[in-house]
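Visitor: Listed in order, the protein sequences are those of chains A and B.
Residue 8 in my numbering sits at position 8 of the first sequence, and the numbers go up by one each step.
Residue 91 in my numbering sits at position 91 of the second sequence, and the numbers go up by one each step.
Some clues are possibly wrong.
Said to hold, decoys possible - Chain B stretches covered by chain A per the calculated footprint, using a threshold of three residues with CB under 8 Å from any CB of chain A: (1) 125-135; (2) 138-147.
Unchecked claim - Not everything, but these chain B residues come out facing chain A in the computed CB check (under 10 Å): (3) Arg72; (4) Ile74; (5) Met115; (6) Thr116; (7) Gly163; (8) Glu164; (9) Trp166; (10) Glu167; (11) Ala171; (12) Ala172; (13) Arg174; (14) Pro208; (15) Val212.
Please keep in mind that the hints were generated in silico from the structure rather than gathered at the bench.
Where is the CB? At the ideal position from N, CA and C, for every residue including glycine.
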Amino acid sequence: MTLPLGRPMREIFGETVAELATEDPRIVMLDGDLGSSTRADIFEKAHPDKYLQMGIAEQNMMGVAAGLATMGLIPFISTFVSFAVVRPLDQVRLLIAQTGLNVKITPGYAGLFTGQTGMSHIIVDDISIMRAMPGMVTVSPADDVEARQVLRWAAAYEGPCYVRLVRDATQRLFGDDYEFMFGRAVTVRTGSDVTLISTGTQTPRVVEAAELLAADGIDAHVIHVPTLKPLDVGAIVAGAERTGRVITVEEHTIIGGLGGAVAETLSEHRPTTVNRIGLRDVYPESGPNDALLDMYGLSAARVAEQVRAILRPT
Amino acid sequence: MSESLPAGFDVGETDRLREVGRRIRVEVIRAVNHARAGHIGGPLSAADILAVLYFHILRIRPEEPTWPDRDRFILSKGHSSIALYAAMALRGYFPVEELSTFDAAHSRLQGHPDMTRLPGLDMSTGSLGMGLSAGMGIALGARLTGNACRTYVMLGDGECQEGEVWEAAMAAPRYGLDSLIAIVDHNRLQQYGWPGDGPDGRIPPQQPGELVAKWSAFGWRVLEVDGHDPAEIVRVLEEAGRGDGRPVVVIAYTVKGKGVSFMEGHYFWHTRAIKPEEFAQAMAELGEPTTSTGGVPR
Numbered sequence: 001m002t003l004p005l006g007r008p009m010r011e012i013f014g015e016t017v018a019e020l021a022t023e024d025p026r027i028v029m030l031d032g033d034l035g036s037s038t039r040a041d042i043f044e045k046a047h048p049d050k051y052l053q054m055g056i057a058e059q060n061m062m063g064v065a066a067g068l069a070t071m072g073l074i075p076f077i078s079t080f081v082s083f084a085v086v087r088p089l090d091q092v093r094l095l096i097a098q099t100g101l102n103v104k105i106t107p108g109y110a111g112l113f114t115g116q117t118g119m120s121h122i123i124v125d126d127i128s129i130m131r132a133m134p135g136m137v138t139v140s141p142a143d144d145v146e147a148r149q150v151l152r153w154a155a156a157y158e159g160p161c162y163v164r165l166v167r168d169a170t171q172r173l174f175g176d177d178y179e180f181m182f183g184r185a186v187t188v189r190t191g192s193d194v195t196l197i198s199t200g201t202q203t204p205r206v207v208e209a210a211e212l213l214a215a216d217g218i219d220a221h222v223i224h225v226p227t228l229k230p231l232d233v234g235a236i237v238a239g240a241e242r243t244g245r246v247i248t249v250e251e252h253t254i255i256g257g258l259g260g261a262v263a264e265t266l267s268e269h270r271p272t273t274v275n276r277i278g279l280r281d282v283y284p285e286s287g288p289n290d291a292l293l294d295m296y297g298l299s300a301a302r303v304a305e306q307v308r309a310i311l312r313p314t
Numbered sequence: 001m002s003e004s005l006p007a008g009f010d011v012g013e014t015d016r017l018r019e020v021g022r023r024i025r026v027e028v029i030r031a032v033n034h035a036r037a038g039h040i041g042g043p044l045s046a047a048d049i050l051a052v053l054y055f056h057i058l059r060i061r062p063e064e065p066t067w068p069d070r071d072r073f074i075l076s077k078g079h080s081s082i083a084l085y086a087a088m089a090l091r092g093y094f095p096v097e098e099l100s101t102f103d104a105a106h107s108r109l110q111g112h113p114d115m116t117r118l119p120g121l122d123m124s125t126g127s128l129g130m131g132l133s134a135g136m137g138i139a140l141g142a143r144l145t146g147n148a149c150r151t152y153v154m155l156g157d158g159e160c161q162e163g164e165v166w167e168a169a170m171a172a173p174r175y176g177l178d179s180l181i182a183i184v185d186h187n188r189l190q191q192y193g194w195p196g197d198g199p200d201g202r203i204p205p206q207q208p209g210e211l212v213a214k215w216s217a218f219g220w221r222v223l224e225v226d227g228h229d230p231a232e233i234v235r236v237l238e239e240a241g242r243g244d245g246r247p248v249v250v251i252a253y254t255v256k257g258k259g260v261s262f263m264e265g266h267y268f269w270h271t272r273a274i275k276p277e278e279f280a281q282a283m284a285e286l287g288e289p290t291t292s293t294g295g296v297p298r
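With the rest of the complex left out, here is chain B (with noise of 0.2 Å):
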C-alpha cells in the first residue's frame, strides 16, 4: 500500500482522508433521514472521491468561495447534492449544523445543487447530463481569460446514458482541453435499472469496459481508479492534473451504498426513506454511535 502513495503522502493523511469520507456519509444518512427524504446510494458512493478532492486536491478558499483563480467543481449527477454539501460543510464553507435544513423550505441546501442559492457552487445542475458541458465551457473560458484552475466534472455512470455527455466527450477533445478533468461515480447501478440477471433482477448501466471504450474513443486520456481508496485517488487525480493536450476522464470503481451494509448493491436504496432501526445500525456502521433516531444529533 504504502508504495503506492504518492511523494510527500504519508499514512497519516491517507487516515484523514478516510475519516472525512466516514464524516460524509455519517452527514449524508443524518441529514437524509432529518429531511425524511433525499438520495442515499450515490451520495455513499460518492463519498471518498468527494473527500479527497475538498480535503486534497482543489484549490480552493471555503473562505472566499467566489476567488477568481479557485478550481471549479461541478457535481454533474446533482442528484447526490448531499454528499457534496456534506463535503463542503466539513471543510469550512458553511456550518456542518446547516446540513440540517437539507430538503427543507427556504434552504440553501436546495435537494439539488443551485449556484444562486449557495456560494461555492460552480453550476446549477440536476437534470442529467449537463453538467460536463458547463466544465467544459468553464476550462475554455479559463484558458480564454488566463485563468490557470482546473475544473473537475462528477457523473454518474447512469448519467453516461445521456446524450449530451457525448456531445461534450465529442466537443472537448477539439479544443484539446486537459485541465477539464471528468470522474465517473462507476457504481453501477441507476435509479432502477435494465432487467435482467443481475442483483435484485437488474443490470449494471454499462457492460464491464464499456466506459473505459467509449472514453477513449472518443479521444479522452482513460484513467482508473478504486473510488473508495483515498490514497489511489489522490495518486490518480495528481496524475489527471498532469495535462498532455487530451482531456480526462477518470473512472472510479465504486459500490452504491458504500459503508453501510444493507444498502450496498442494491438499486433500491437509491432514495428511500430510512426506518429508525436502520438509522441506528447504519451509525453503528459508520461508527458514530446515537441513541438518537429524531433530529440531527450530534
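Next up, chain A with everything else stripped away, as it sits in the complex (with noise of 0.2 Å):
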C-alpha cells in the first residue's frame, strides 16, 4: 500500500496563517528574510501591513516577536528549523519560553527534506532541544490535513509553542474528518505483534512498513505522537499494553526525541524493551529526499526491514 501524497506543508503554513490573519487581527507574520520559502509570500500577498520583515538576524527577531506578544499581538515565525531552534535558542529561551509570551514558532523545513542543502539545514536535535525546554510545547504534524489544523491549534493555544512543518509534499495519511487533539496520540493502525510508534511525516511511512510487514506476517500496531510535549503517557503505556514490545520510529535523533521520551515514559510507568529507529548520531548529507530515506533507514521499506531485524533475529 502506497500513501497518496499530500500538499506541501509550507503552502499550508502560508495559506493557514494568512485565513486566520483575517479572522483574527492580532495575529502577524514575522519573517527571517525566507518568506519565499517558507511560503510566508502567501501570507504577505493577502496582509502586506501583517507581514513583517526581520532579516537575516534570527536572533532579533525572536526578541522582536516577544516584544510584539507583550503589546498582545501573536506572531508567528517564518524561517527554517536550524535558524529557529538552534541559532536563537537562547532568545527563545528566555525571551519566550520563560516568559511564556505568546509566540508561535512554526519553521519548515523539518527533517531531512531541506531541498538538498546538507548538513547546516539539516537539524536532527530539534525535538529534544524544545521538549526538554521547560514551558515549550512541541508538536509535529503528520501531513498537511494534520498541520492545517496544528496551526489553526497554535493560534487559539495561548502561549509559546513550537511547531516543525515540513517543506515537501508527503504522504497524506489523515482523511478529511480527522480531528487534532493537542497532547493526544492516535491510533493509525491496529495490530497485535508489536507497537510501532511515530511522529510526524515518518508516521504515514511507518503505516506504510506495517503494510509491507503485514505481508511477512508481522502485525503491527502504529500509534501517531503529533504531540510530544505534553506526551499522551496514556496512549504509549497502552501501546506498550498491548503487544509488549515497542519500536519507535523518527526522522531525527534517536538521542532525547521521540524515541527518548517513549523509553522515559515506558521505563517509570511500564518498563517494556524499546528499540528506536532514527538517526544515530549523525550530520546527514544533501541529496534527493528518496535517496536520504533509504541512506538513513526512514523510507517504508528500510523501517520494515529494521522492524524485521529486530523482531527476528538471525
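Two chains, each in its own frame: build the complex with the hints.
Guide: What follows is the structure in C-alpha cells.
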C-alpha cells in the first residue's frame, strides 16, 4: 500500500496563517528573509501590513516576537528549523519560553527534506531541544491535513509553542474527518505483534511499512504522536500493554526525541523493551529526499526491514 | 547650569532627582551587602539615569503596573537589576523593605529581572544583548495597535559587544521606530575586560567615539549626555522623545561604581562581596550614616 501525496506543508503554512489573520487581527508574520521558501509570501500577499520582514537576523527576530506578544499581538515565525531552534536558542529560551509569551515558532524545513542543502540546514535534534525546554510545547504534524489543524490550534493556544513543518509534499495519512487533539496520540493502525510509535511525516511511512510487514505475517500496531510535549502517557502505556514490544521510528536523532520520550515514559510507567529507529549521532548529507530516506533507514521499505530484524534476529 | 535646564524645570527638581539617585545607591549597597552577593559597579553607574526615568520621564502608574498606555522600560543589562528594583521601590511599585529579599529564595527580586514574578517589569533579561530586540518588538507592536507609548531600553557598553545588539540596530531603523529610545550606560568597564594599558591592566570595551560612530552608521539618531547630571539627562531624554523618524540612542557617559570612591573605575567592583568596613565607608560617602553592618538597617 502506498499513501497518496498531500500538499506541501509549507503551502499549508502560508495559506492557513493568512486565513487566521483574516479572522484574528492580532496575528502577524515575522520573516527571517525566507518567505519565498517557507511560503510566508502567501501570507504577505494577503496581509502586506501584517507581514514583518526581519532580515537575516534571527536572534533579533525572536526578541521582536516577544516584544510584539507583550503588546497583545500573536506573532508567527517564518524561517527554517535550523534558524528557529539552534541559532537563536538563548533568545527563544529566555524571551519566549521563560516569559510564557504568546509566540508561535512555526519553522519549515524540519527533518531531512531541506531542498538538498545538507548538514547546515538538516537539524536532527530539534525535538530533543525543544521538548527539554521548560515552558515550551512541541508539535510535529503527520501530513498536510493535520498541519492545517495544528496551525489553527496554535493560533488559539495561549502561550509559546513549537510546530515543526516540512518543506516538500509528503504522504497524506488523514482524511478530511480527522480531528487533531492537542496532547493526544492517535492510533492509526491496529495490530497485535508489535507497537510502532512515530511522529511527524515519518508516521505515514511507518503505516506503509506496517503493510509491508503484514505481508510477512507481522501485525503491527501504529501510534502517531503529534504532540511530543506534553506527551500522551496513557496512549504510550496502552500501546506497550497491547503488544509488549515497542519500536519508535523518527526522522530525527534517536537521542532525546520521540524515542527518548517513549523510553523515559515506559521506563517509569510500564517497563518495556524499546527499540529506536532513527538517525544515529550523524550530520546528514545533502541529496534527493528519497535517497536520504533510504540512506538513513527511514523509507517504508527500510523501516520494515529494521523492524523485521529487531523482531526476528538471525 | 541653570541655562541648560529644560523649560518648566527648576533647581528643586534637579535636587530631587539627585536625591533619588543617592537613595538608589544607598539601597543598592544595602541590598547587595545583605545578600552577600550581587553586582555593584553597573547598578551604581546606572543610578542617576534610572532616577530620571522613573521619577521624571516615564509615563507610568506604579499602582497599576499593567496600565496599557504606560511607557515601557527594559533593563537589557539585567545584571544591574538591584538598581532597577531600588528605583521601582522608591517610586512606589512595592515597599522599600522588600529590597532586603533581593537574591533570596522565593523573592520577586531575582538576580536578573524576571517579568513573570515582578509586576512592572516589561521583559525578562539577563542574557546580554536581548533587550533592544524586545524593545523593538514593543515599539513595533505599539505602532500596530495604535498605542502612543514610548519604549526605553538600557544597555551596557560591554553588552554592545553582543552581535544581537547590532541585529536590532540594523532592523529598527528600517521601521522608522522613533518611539524606541536606547540608552547606553557607557561606564567604560566590563566584567573583566581586555588586557591592556588601562586602569588595573584592562582597557575599555570600546575606543573613544566608537559607539557614536557605530550607532550613527546604523542609521540611529545619536545623542550624548553626562549620565550623572540629572538636569542634562532630563533635557536629552526629552529631546530623544521628539521623534524624527529614526530610533534614538543616548550614549550616557558614566562612571562604574559612581558615588563610592574606592569602587569608582575599578572592574573588580563589577560584582563583589562588601566587607563590613567597606560598607560603613560606602554609607558614609553616600551621606547615609549607619552603625550597623548587618541586615538592612533603616
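Visitor: Confirm or reject each hint.
Guide: Hints, verified against the model:
1. 125-135: holds (count 10)
2. 138-147: holds (count 8)
3. Arg72: holds, 8 Å
4. Ile74: For Ile74/B, the interface hint holds, since the closest Cβ of chain A sits about 9 Å away, which is under 10 Å.
5. Met115: Nearest chain A Cβ about 6 Å off; hint holds.
6. Thr116: It holds, given that the least Cβ distance between Thr116/B and chain A is near 6 Å, below 10 Å.
7. Gly163: holds, 7 Å
8. Glu164: holds, 4 Å
9. Trp166: holds, 9 Å
10. Glu167: holds, 4 Å
11. Ala171: holds, 6 Å
12. Ala172: Status holds, d = 9 Å.
13. Arg174: holds, 8 Å
14. Pro208: This interface hint is violated because 27 Å lies over the 10 Å limit.
15. Val212: violated, 22 Å
The structure is inconsistent with the numbered hints 14 and 15, although it conforms to all the rest.
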